[in-house]
Amino acid sequence: MFKKAQKDDKFFQLFDKVAETALKAANMLEEFLEDLSDSEEKLKKIKDVEHEGDALQHQILEQLNQTFLTPFDREDIYMIAKYMDDIIDYIESTASRFVMYNVNYATDDAKKLSSMISSCCKEIIPLMKEIRNMKENKNIKELIIEINRLETEGDKVSRTAIRNIFTGEIEVLEVIKWREIYQFLEDTLDVCEDVANVIEGVVMKNA
Amino acid sequence: MFKKAQKDDKFFQLFDKVAETALKAANMLEEFLEDLSDSEEKLKKIKDVEHEGDALQHQILEQLNQTFLTPFDREDIYMIAKYMDDIIDYIESTASRFVMYNVNYATDDAKKLSSMISSCCKEIIPLMKEIRNMKENKNIKELIIEINRLETEGDKVSRTAIRNIFTGEIEVLEVIKWREIYQFLEDTLDVCEDVANVIEGVVMKNA
Amino acid sequence: MFKKAQKDDKFFQLFDKVAETALKAANMLEEFLEDLSDSEEKLKKIKDVEHEGDALQHQILEQLNQTFLTPFDREDIYMIAKYMDDIIDYIESTASRFVMYNVNYATDDAKKLSSMISSCCKEIIPLMKEIRNMKENKNIKELIIEINRLETEGDKVSRTAIRNIFTGEIEVLEVIKWREIYQFLEDTLDVCEDVANVIEGVVMKNA
Numbered sequence: 001m002f003k004k005a006q007k008d009d010k011f012f013q014l015f016d017k018v019a020e021t022a023l024k025a026a027n028m029l030e031e032f033l034e035d036l037s038d039s040e041e042k043l044k045k046i047k048d049v050e051h052e053g054d055a056l057q058h059q060i061l062e063q064l065n066q067t068f069l070t071p072f073d074r075e076d077i078y079m080i081a082k083y084m085d086d087i088i089d090y091i092e093s094t095a096s097r098f099v100m101y102n103v104n105y106a107t108d109d110a111k112k113l114s115s116m117i118s119s120c121c122k123e124i125i126p127l128m129k130e131i132r133n134m135k136e137n138k139n140i141k142e143l144i145i146e147i148n149r150l151e152t153e154g155d156k157v158s159r160t161a162i163r164n165i166f167t168g169e170i171e172v173l174e175v176i177k178w179r180e181i182y183q184f185l186e187d188t189l190d191v192c193e194d195v196a197n198v199i200e201g202v203v204m205k206n207a
Numbered sequence: 001m002f003k004k005a006q007k008d009d010k011f012f013q014l015f016d017k018v019a020e021t022a023l024k025a026a027n028m029l030e031e032f033l034e035d036l037s038d039s040e041e042k043l044k045k046i047k048d049v050e051h052e053g054d055a056l057q058h059q060i061l062e063q064l065n066q067t068f069l070t071p072f073d074r075e076d077i078y079m080i081a082k083y084m085d086d087i088i089d090y091i092e093s094t095a096s097r098f099v100m101y102n103v104n105y106a107t108d109d110a111k112k113l114s115s116m117i118s119s120c121c122k123e124i125i126p127l128m129k130e131i132r133n134m135k136e137n138k139n140i141k142e143l144i145i146e147i148n149r150l151e152t153e154g155d156k157v158s159r160t161a162i163r164n165i166f167t168g169e170i171e172v173l174e175v176i177k178w179r180e181i182y183q184f185l186e187d188t189l190d191v192c193e194d195v196a197n198v199i200e201g202v203v204m205k206n207a
Numbered sequence: 001m002f003k004k005a006q007k008d009d010k011f012f013q014l015f016d017k018v019a020e021t022a023l024k025a026a027n028m029l030e031e032f033l034e035d036l037s038d039s040e041e042k043l044k045k046i047k048d049v050e051h052e053g054d055a056l057q058h059q060i061l062e063q064l065n066q067t068f069l070t071p072f073d074r075e076d077i078y079m080i081a082k083y084m085d086d087i088i089d090y091i092e093s094t095a096s097r098f099v100m101y102n103v104n105y106a107t108d109d110a111k112k113l114s115s116m117i118s119s120c121c122k123e124i125i126p127l128m129k130e131i132r133n134m135k136e137n138k139n140i141k142e143l144i145i146e147i148n149r150l151e152t153e154g155d156k157v158s159r160t161a162i163r164n165i166f167t168g169e170i171e172v173l174e175v176i177k178w179r180e181i182y183q184f185l186e187d188t189l190d191v192c193e194d195v196a197n198v199i200e201g202v203v204m205k206n207a
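Chains as they are written, first to last, in this note's numbering: chain A, 1 to 207; chain B, 1 to 207; chain C, 1 to 207.
A portion of the hints provided could be inaccurate.
It does not matter which identical chain is used: a pair holds within one copy or between any two.
Stated by the list, open to error - Straight-line Cα separation of at most 27 Å, DSSO-like style, residue types lysine-lysine; simulated pairs:
| hint | residue 1 | residue 2 |
| --- | --- | --- |
| 1 | 129 | 10 |
| 2 | 156 | 45 |
| 3 | 156 | 44 |
| 4 | 44 | 129 |
| 5 | 205 | 42 |
| 6 | 205 | 111 |
| 7 | 42 | 10 |
| 8 | 82 | 135 |
| 9 | 47 | 141 |
Bear in mind the hints are in silico, worked out from the structure with no lab data behind them.
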């Protein structure tokens, strides 16, 4: 059903690019949270990266529609493209909340979660390279375990953070804003794990 | 793999019907927001249309399960049915928030978003007709571009609207209610775009 | 395309197990809401069951990736595994809100919804057994109708419950917390219905 995967396959090249784009967006969010001055200007630049991500997703889907023999399951290519796009979208959505809600500071927990998103995106880059081999190997396993670990850790951080904003010391409007920001940060980490799980499945099927 | 698509195929007829039903629901939401008196009674009528939508989705899935040779990818038929059902569900959910939360007025932004949902649903009707041709043509492209434009525009309107309810002038309970209403309106426009994207993919694959 | 389904097929055994696990989690949530003392300790036990569910989902996907001839559509096996995992995840998420938000009481409506989730999970167990027959029969129809009924009824209960917390008598922070708890309870019932719908589709296709 599948053609023998070639390491220079167009799909792999596009996956590499979208992984680089996700890391770029993740790094921009980290810098954004470090210094929220001129947030509207900085958000525009994150939006530009989001548009790059949209364009890449579109290219992957176009390639998918034109290719009869794909290197692995069409459905998995589709899901990787979708989830990578989600990661970048959620990063932009997180940043946009600060502008939309006129929030001028970032909590330590938000910064920590943002840094974990960068770490996940950094792991996804070699994962996309390993997928070319289509073989389960130590490298892949370690990358996936690390992403899973970051997601579990992030879940704890965000739950504690959310618990802390509900103690009654913070003004209710701020509570609502931060509840949503933490949700976006947590969801971004969740999608990083989703990508890793799809790649794990691809490798299992082709082992 | 696919039978030659026939323009009177049962699937196309059901897609036409569900597109008409979505437009009906969208128009009812617009009228609902114009005059929120007797909102509980009016909501019941929107619920009836939602049930029509459910029945149509069920018919499409039944047809899908009974048909061996579908006019195009089963997965795409499934997604179109799902998203069209989502549009109608979200319209009902939006209206139901006014009743559930005892909200007796609609903001101009909510009316604007509701009118954009109607516009999207109006574009989806000819799009469902064009899908019969399975060929990329100027008409299809323009319809899809217009739906994308409406979604992008809607995103801006809802972000500004949400920003405006968080300025501290509105009572917090109202903020929570309106945050949710705007989310449903925005999500409805998102799903309109999702349908357009699936149709674009179908046309690309069969070009 | 499919091998003749064997009643002792590995997939059916795993589906039985995951259905039992969902019911266990649902029952634990009911007990949890009855007595919220030591909620953090009790939550840990629900988390353990959630991990059992994760392990079962992983086994089903592994089995799916290793099996060439599945008893029915791969996509449907995947969706049943996903939705069953969602049910258990949402149950844990509901319970965790009480700990995270330091909520020490459960409303009657929350208890009612939790009991309906248990009822749904109880119906899913024989449904998983009936799926072995791959034939539409009176039993299956009745089980699906009952789950649909519970979901519709649950929707009414949660809408009324949400309406009641927005009357202005409850402190806003509590409103936010309970809005989220009711959403999780409602979403859990929704996924129960999603599972039933997938099973209905499997049976229709193989009738």
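Okay, the hints, checked on the actual structure:
Taking the closest pair of Cα atoms, residue 129 and residue 10 come within 27 Å of each other only inside a single copy of the chain (13 Å); across copies the shortest separation is 34 Å, beyond that limit. Taking the shortest alpha-carbon separations for residue 156 and residue 45, only the inter-copy value of 17 Å comes in at or below 27 Å, while the best intra-copy value is 30 Å. Taking the shortest alpha-carbon separations for residue 156 and residue 44, only the inter-copy value of 13 Å comes in at or below 27 Å, while the best intra-copy value is 31 Å. Taking identical chains as interchangeable, the C-alpha atoms of residue 44 and residue 129 are never at most 27 Å apart, the minima being 30 Å within one chain and 38 Å between chains.
In this assembly of identical chains, the alpha carbons of residue 205 and residue 42 never lie at most 27 Å apart, being 42 Å within a copy and 38 Å across copies at closest. For the homomeric pair residue 205 and residue 111, neither the shortest alpha-carbon distance inside one copy (37 Å) nor that between copies (43 Å) is at most 27 Å. Proximity of residue 42 to residue 10 under the C-alpha cut-off of 27 Å is found in neither arrangement, the shortest distances being 32 Å within a copy and 50 Å between copies. Both within a single protomer and between protomers do residue 82 and residue 135 lie at most 27 Å apart by alpha-carbon distance, with minima of 23 Å and 25 Å respectively.
Taking the shortest alpha-carbon separations for residue 47 and residue 141, only the inter-copy value of 24 Å comes in at or below 27 Å, while the best intra-copy value is 33 Å.
Going down the numbered hints, you'll see the structure goes against 4, 5, 6 and 7, while the others check out.
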